[in-house]
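> So you can see what is in the structure, the chains are spelled out below.
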Amino acid sequence: GENVEQHPSTLSVQEGDSAVIKCTYSDSASNYFPWYKQELGKGPQLIIDIRSNVGEKKDQRIAVTLNKTAKHFSLHITETQPEDSAVYFCAASSPFNDDMRFGAGTRLTVKP
Amino acid sequence: GAVVSQHPSRVICKSGTSVKIECRSLDFQATTMFWYRQFPKQSLMLMATSNEGSKATYEQGVEKDKFLINHASLTLSTLTVTSAHPEDSSFYICSARDPTSGRIYEQYFGPGTRLTVT
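Those sequence lines, one after another, are chains A and B. The opening residue of the first sequence carries number 1 in the numbering used here; numbering runs sequentially from there. The opening residue of the second sequence carries number 113 in the numbering used here; numbering runs sequentially from there.
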């Protein structure tokens, strides 16, 4: 089955700096890669996703890149703000499996 | 956008009792719902996938007789933790998929239920 690895586990940046979180996946059939933001005591919230037919997607300060050959994808947050502080999870989904596999999570702290 | 609710948000129960958690899709019909478990500072672990009108599919290692899942309608799935023990204390999160949207892969997550077994 799919195995998703996520790095780093913790990330601390100064407000205004950029943050990058990386994930790798094992199942070459995976074709959907969402990123979720989870605040303490709440459920995950989708912030951006990418399908395997594109290499990059951007939404304001957030961007995701996908390298299908290397089987890795990354989340880029620019001009970070304290409210970006949360745990971020990457995930991968295959059309042959009805479920989604999550990375271990990255705790991002943005220092004001 | 698609909204998923869970009830209750927090529950405390005594060891040996059963607890039911509800997951509802509020503005769409969900043919598939998922139940996850999350321990503190850990990732989401899929427990089971439930399809409306059929038996849930449980992940390896998840006891189906302990975690009863019912997906009786297109907007409601329930998870019942039977004979709960302190080790069942966790954050339970459901998600739902909207097959009528163009985003067939996206899962919409509920806010989670914090279960504490004393």
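Derived by calculation from the structure, the hints in this document are not laboratory data. This one's a predicted model, so the numbers in the text were calculated from it and none came from an experiment. Treat the hints with care, since some could be wrong.
Unchecked claim - Calculated Cβ distances over 12 Å to all of chain B for the following chain A residues:
1) Q6
2) R51
3) E56
4) I62
5) T65
6) T69
7) S85
8) A91
9) P95
10) D99
11) A104
12) V110
13) K111
To be verified - The list that follows gives simulated cross-link-like pairs (lysine-lysine, DSSO-like), each with its CA atoms no further than 30 Å apart:
14) A:K57 with A:K42
15) A:K42 with B:K132
16) B:K178 with A:K58
17) B:K153 with A:K42
18) A:K42 with B:K178
19) A:K68 with B:K167
20) B:K126 with A:K42
Ideal placement from N, C-alpha and C gives every residue a C-beta, glycine not left out.
> The structure should be examined with respect to each hint, and the outcome stated for every one.
Evaluated hints:
Annotated as non-interface, Q6 (chain A) brings its C-beta within 12 Å of a C-beta of chain B; the closest such distance is 8 Å. Non-interface call for R51 (chain A) relative to chain B: violated, since the shortest CB-CB distance, roughly 8 Å, does not exceed 12 Å. At the 12 Å boundary, the C-beta of E56 (chain A) stays outside the reach of chain B, the nearest C-beta of that chain being 18 Å off. Residue placement check: I62 (chain A) keeps its beta carbon more than 12 Å from all beta carbons of chain B (closest about 16 Å).
Every Cβ of chain B is farther than 12 Å from the Cβ of T65 (chain A); the closest lies at roughly 18 Å, confirming the non-interface assignment. T69 (chain A), annotated as away from the interface, keeps every beta carbon of chain B farther than 12 Å; the closest lies near 21 Å. For S85 (chain A), the shortest C-beta to C-beta distance to chain B comes to about 15 Å, beyond the 12 Å cut-off, and the non-interface label holds. Non-interface call for A91 (chain A) relative to chain B: violated, since the shortest CB-CB distance, roughly 8 Å, does not exceed 12 Å.
Distance to chain B contradicts P95 (chain A) as a non-interface residue, since its nearest Cβ pair spans about 8 Å, not more than 12 Å. Non-interface status of D99 (chain A) relative to chain B is broken: a Cβ of that chain comes within 12 Å, the nearest being about 5 Å off. With a cut of 12 Å on Cβ distances, A104 (chain A) falls inside the contact zone with chain B, its closest approach being about 5 Å. The Cβ of V110 (chain A) lies farther than 12 Å from every Cβ of chain B, with a closest approach of about 19 Å, so its non-interface assignment holds.
Its beta-carbon lying about 20 Å from the closest one in chain B, K111 (chain A) satisfies the requirement of being farther than 12 Å from that chain. A distance of roughly 26 Å separates the Cα atoms of K57 (chain A) and K42 (chain A); the hinted pair therefore holds under the 30 Å criterion. A distance of roughly 19 Å separates the Cα atoms of K42 (chain A) and K132 (chain B); the hinted pair therefore holds under the 30 Å criterion. Straight-line distance between C-alpha atoms of K178 (chain B) and K58 (chain A) comes to about 43 Å, which puts the hinted pair past the 30 Å bound.
A threshold of 30 Å between alpha carbons decides the hint, and for K153 (chain B) with K42 (chain A) the separation of about 13 Å falls inside it, so the pair holds. Among the hinted pairs, K42 (chain A) with K178 (chain B) is consistent with the structure: their alpha-carbon atoms are about 25 Å apart, no more than 30 Å. Distance check on the hinted pair: K68 (chain A) and K167 (chain B) sit about 35 Å apart at the alpha-carbon level, beyond 30 Å; violated. For the given pair, K126 (chain B) sits about 24 Å from K42 (chain A) by alpha-carbon distance, which is consistent with the 30 Å threshold.
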